[in-house]
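Asker: Chains G and Y, in that order, are what the protein sequence lines are. Going by the numbering used here, the first residue of the first sequence is number 478, and it counts up by one from there. Going by the numbering used here, the first residue of the second sequence is number 4, and it counts up by one from there.
If you're looking for bench data, these hints aren't it; they were derived computationally from the structure. A couple of the hints might just be wrong.
Cut-off 20 Å, straight-line C-alpha distance, at most; resulting in silico cross-link-like pairs (EDC-like, lysine to aspartate or glutamate) [as the list claims (entries may be wrong)]:
(1) LYS43(Y) x ASP700(G)
(2) LYS483(G) x GLU71(Y)
(3) LYS6(Y) x GLU490(G)
(4) LYS483(G) x GLU49(Y)
(5) LYS482(G) x GLU69(Y)
(6) LYS674(G) x GLU718(G)
(7) LYS7(Y) x ASP543(G)
(8) LYS679(G) x GLU723(G)
(9) LYS482(G) x GLU71(Y)
(10) LYS5(Y) x GLU492(G)
(11) LYS7(Y) x GLU492(G)
(12) LYS679(G) x ASP601(G)
(13) LYS12(Y) x ASP543(G)
(14) LYS43(Y) x GLU100(Y)
(15) LYS670(G) x GLU490(G)
(16) LYS485(G) x GLU69(Y)
(17) LYS7(Y) x GLU490(G)
(18) LYS8(Y) x GLU492(G)
To give an idea of the chain Y side of the interface with chain G (calculated C-beta under 10 Å), a few residues [stated by the list, open to error]:
(19) ILE13
(20) ILE28
(21) GLN53
(22) CYS86
According to the in silico footprint, chain G covers these stretches of chain Y (three or more CB under 8 Å from chain G) [claimed, not checked]:
(23) 21-27
(24) 32-40
(25) 71-82
All residues carry an ideal CB built from backbone N, CA and C; glycine is no exception.
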Amino acid sequence: MKKEKKMKLSLPEVELMNSGHMACQGCGATLAMRFALKALGQKVALCIPACCWSVIDGPFPYSSLDVPIFHCAFETAAVSASGVKAGLEMVGDKETTVVAWAGDGGTFDIGIQALSGVAERNDDIIYICYDNEAYMNTGIQRSSATPYGAWTTTTPVKHFKNRPKKDMEAIMAAHRIPYIATASIGYPEDLVKKVKKAKEIKGTKFLHIFAPCPPGWKSQPEDTIKLARMAVQNAIFPLYEIEWGEKYTLNIKLKEKKPINDYLKIQGRFRHLTKKEIVFIQEEVDKKWERLLLCVNGSK
Amino acid sequence: MKKKKGAQKIVFKSEKDFPLMPMSIGSMLFNKTGAWRNIKPVINLEKCIQCGICWKFCPDVAIFIEKEWPVIDYEYCKGCGLCAEECPTKCIAMVEEEK
Ligand SMILES: Cc1ncc(C[n+]2csc(CCOP(=O)(O)OP(=O)(O)O)c2C)c(N)n1
Ligand code: SF4
Ligand code: SF4
Ligand code: SF4
Ligand SMILES: [Mg+2]
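Bound conformation, chain G alone:
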């Protein structure tokens, strides 16, 4: 080896997720956890409802995380976390950050009432939704986070999903909670910054992390990060923050918004789409992006 130099790492070195876990090759949800734990540190307790992550962690009596996890029922991530938080406070522990960690199905669909209650009370937890855009753990069924046009086992090619992805950020913003952010495993430094920020804020914090899933998206495992990055660059999944439901900040500004074609092309779940349908999706993405820019510019 010719040159010797000090390696400069852009993320915290602490590693609270271990090798040996059960995730598929190239799993985005796994990277979301690895990055989030780098930001959260050791003093954290997780509540995980039924989702891929309850499998990834490993079967009884094992775990692949070096932090405590409470495995809770599918619809109860948010409210379990506020319960754990209340319990910890009763025994005098004010430092531990309690995090609800759920999939998109557990957040956008089945867990939304518990989450809404927690947000309305402004309970002091961080809610993190890792979004792989379907119910992956049970075999790729559609969720309300599945995007328009996607194939899933319950939206087969002839009847692909014909409704847009639910705007979860807008729903959370309507609760007027102190902090909402979108993040992506393609931008880990931004993700770590946001989790650290959420940790310092009191009240309900909602983070939505974009996490590609090779078997569910019919994509190549090595393309996971590329897909996550593309979704930010083409504004399918823009990175922004909302404070108190009002103040919008765009974190990754786009000099040139990329067309969505390349992104759709490398995912089998979109392979059936015709030119006309792709044009329609592009128009919807453009409209949503314009709406977001209005909110961002309106908050200045």
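Put chain Y with the ligands on the given structure of chain G with help from the hints.
Answerer: For chain Y with the ligands alone, coordinates are given in the frame of chain G:
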């Protein structure tokens, strides 16, 4: 960032050995996921610029840093190819696993 020590598989000889609650008492590190691999990443350190990007994006925490250089942990690497894809100098090759 150093490689963590492997863990033991837990064997309960009788019900009495069970913990009172269904709680985790061992680490998944016993599970050597390297056996899942079909293709394996090989780093050409001559071309490596020590940027740490491969370390950053490994979903299996199977790249550690030893004396400022990336080292692949074949005990756990599942062969997803993310490190090779993201390496800015393309100095990681994915090669057929010899069986
Ligand atoms: C009340 C209830 N209904 C259904 C299930 C079955 N179930 C377990 S995980 C899961 C899918 C979870 O999807 P998501 O929250 O998106 O997480 P992912 O698996 O995609 O990571 C389902 C339907 C359950 N465990 N409990
Ligand atoms: S199905 Fe998708 S989200 Fe679940 S473990 Fe596999 S890659 Fe990860
Ligand atoms: S091939 Fe995948 S699992 Fe193996 S070291 Fe590279 S990123 Fe990690
Ligand atoms: S990504 Fe490539 S250049 Fe960077 S440290 Fe890894 S092997 Fe070296
Ligand atoms: Mg999901």
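Asker: Out of the numbered hints, which ones does the structure contradict?
Answerer: Result: no hint breaks.
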